[in-house]
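Novice: Listed below are the residues making up each chain.
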Amino acid sequence: MIRFQKVDKEYDNNVKALLNIDLSIHKGEFVFLVGSSGAGKSTLIKLLLKEEEPTRGQIVLNNMDITKVKSRRIPYIRRNIGVVFQDFRLLPNRTVYENVAFAMEIVGAHPKEIRRKVPMVLSMVDLSRKASNFPDQLSGGEQQRVSIARAIVNSPPVLIADEPTGNLDPETAWDIMRVLSEINGRGTTILMATHAKDIVNIMKKRVVEIHEGRLIRDEQKGGYGNEIASI
Amino acid sequence: MAMRLRVFKNIIKQGFQGMWRNRGMGLASISSISAVLMILGVVLILILTINNVVLETKTKFDEIQIYLEDDLTSVDLDNIEDKIKDLEGVLSVVFLSKDQGLEIMKEGWEEESYLLEGLEENPLQNSYIIQLRDIKYAEDIVPKLKVIKGVDDVKYYQDIIDKLLVIANYIRFAGIGVIGALVLISIFIISNTIKITVTSRKREINIMKYVGATNGYIRGPFIIEGILFGLIGSILSIAVINYGYEYFFKSVNDKLYLLLTVYLVSPSLLIKDITIIFVAIGVGIGALGSIVSLKRFLNV
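If you're matching them up, the sequences are chains A and B in order. With numbering that gives the first Met the number 0 applied, the first sequence closes on residue 230, and no number is skipped along the way. With numbering that gives the first Met the number 0 applied, the second sequence closes on residue 299, and no number is skipped along the way.
Calculated directly from the structure, the hints in this document are not laboratory data. It is possible that part of the hints are untrue.
Restricting the straight-line Cα-Cα distance to at most 20 angstroms, the calculated cross-link-like pairs of lysine to aspartate or glutamate (DMTMM-like) are [what the hints assert, rightly or not]:
no. : chain 1 : residue 1 : chain 2 : residue 2
1   : B       : Lys82     : B       : Asp133
2   : A       : Lys49     : B       : Glu245
3   : B       : Lys154    : B       : Glu138
4   : B       : Lys8      : A       : Glu112
5   : A       : Lys45     : B       : Glu138
Among chain B residues calculated to face chain A with C-beta under 7 angstroms, some are [said to hold, decoys possible]:
no. : residue
6   : Val6
7   : Asn9
8   : Val210
9   : Thr213
From a predicted model like this one, the values you see are computed outputs, not experimental measurements. Using N, Cα and C, we set each Cβ at its ideal position, and we do this for glycine too.
Sequences and hints are given; from them, build the entire structure.
Specialist: Next up, the structure:
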């Protein structure tokens, strides 16, 4: 599903963000991406979203080589990936329903399909009652669930979550994790970058750790890791 | 195909929504476009009027008058007339005797014509008035006329027309220059206006990109917004120019004819051209302004 092969990323100012990354994620996996701030997690995600080009190596997504693609093709690659951010990134002047429908409008979905699918996804994240509310009328957890609904409404094979619980209290964070687990249970591959030690330790999923641009640990049913590496 | 159509419909819908949402900002764009177009209209009418003057003057002056020596027999006259008719570019030749000339003069002088009564002898000369097919033949014909035996003098108005043409050209160039500068200025204004709206919607654009919106999908509504601003601006200016000029025409045309023996271009002839030109330029400025302002934004 996702494969990095000997991927390096150097930024223009000679900062080596990623070094020799080899990583394979299979369909249906749930993978935590851990490491201290600035370790290279965000860069790895940016490479997948084609915000950045790798300096060396090869990246394959969904059996498609996305190492180098024309910028015209990038939107179509992104449609294979749902993204959830720490800061939710909802459109403030649109209702919950419209925020989710928006993702379907962009790809030209049939209005009938939109009317069928949006309520379905909203009920999945338990927000049916808030469909006509605006984002600023919702709590942080609710907003994040809207953004998850938006990320999965087009049924992408991969969901990337960049510190989705970073702005939430622990209890709400677990709500989000339950939703993500459920989505994973339906076959969506999930890659989640996080600093939430408890969540990683309790969930017992595959853990990939990055330290100073290198992949230093890849462990099935792993924990957050030793304190030294993660500081 | 149906999918593309829906996407297209979405883009247009969002363009209208965007225009409504940014109506305050849009007012600046619309008024700058219509101001430019109004000035354009005035310049255009000026140019057309001057063209008209030149054209009319040309038809008035595309005749040559030759004055004849006094003691010519009718055989001589026939000879001269035949020679003139043989020249290339001559449309017609009319003989004007000195008595006829005096009559015309008397009519022209009206009340003062009694002054002419006292003349013992007609001081005028017999002449031919030669109508040319086009003023451009004058240069060739005039020297040939001068050497015909019995021709005393040749008069024509090439100089005046040349000067007129030069002035008209200058005015045309100046007008085009002014219009060009104004169009550039309004593209600049539009692109800045759109840039402000784009900046205020940067977040939205960013989100759209992450959800997988193509550049066309993001750009489309802004371009349609710009086109709508241009369209409204052009309609406004068409109305103002049309009614304004009609009013001006009614109140000035007759007086102007008395003064310069020239008519203005009729408003009914103008309205169609002005509409086409204004809508094309207005829409063009709107679209170009949006494209210019969006160019930098989409390279993420």
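Novice: Now, for every hint given, state plainly whether the structure supports it.
Specialist: These are the hints, each one checked on the structure:
no.	hint	in the structure
1	B:Lys82 with B:Asp133	19 angstroms, holds
2	A:Lys49 with B:Glu245	60 angstroms, violated
3	B:Lys154 with B:Glu138	12 angstroms, holds
4	B:Lys8 with A:Glu112	16 angstroms, holds
5	A:Lys45 with B:Glu138	78 angstroms, violated
6	Val6	4 angstroms, holds
7	Asn9	5 angstroms, holds
8	Val210	5 angstroms, holds
9	Thr213	4 angstroms, holds
Checked against the numbered hints above, the structure breaks hints 2, 5 and satisfies the rest.
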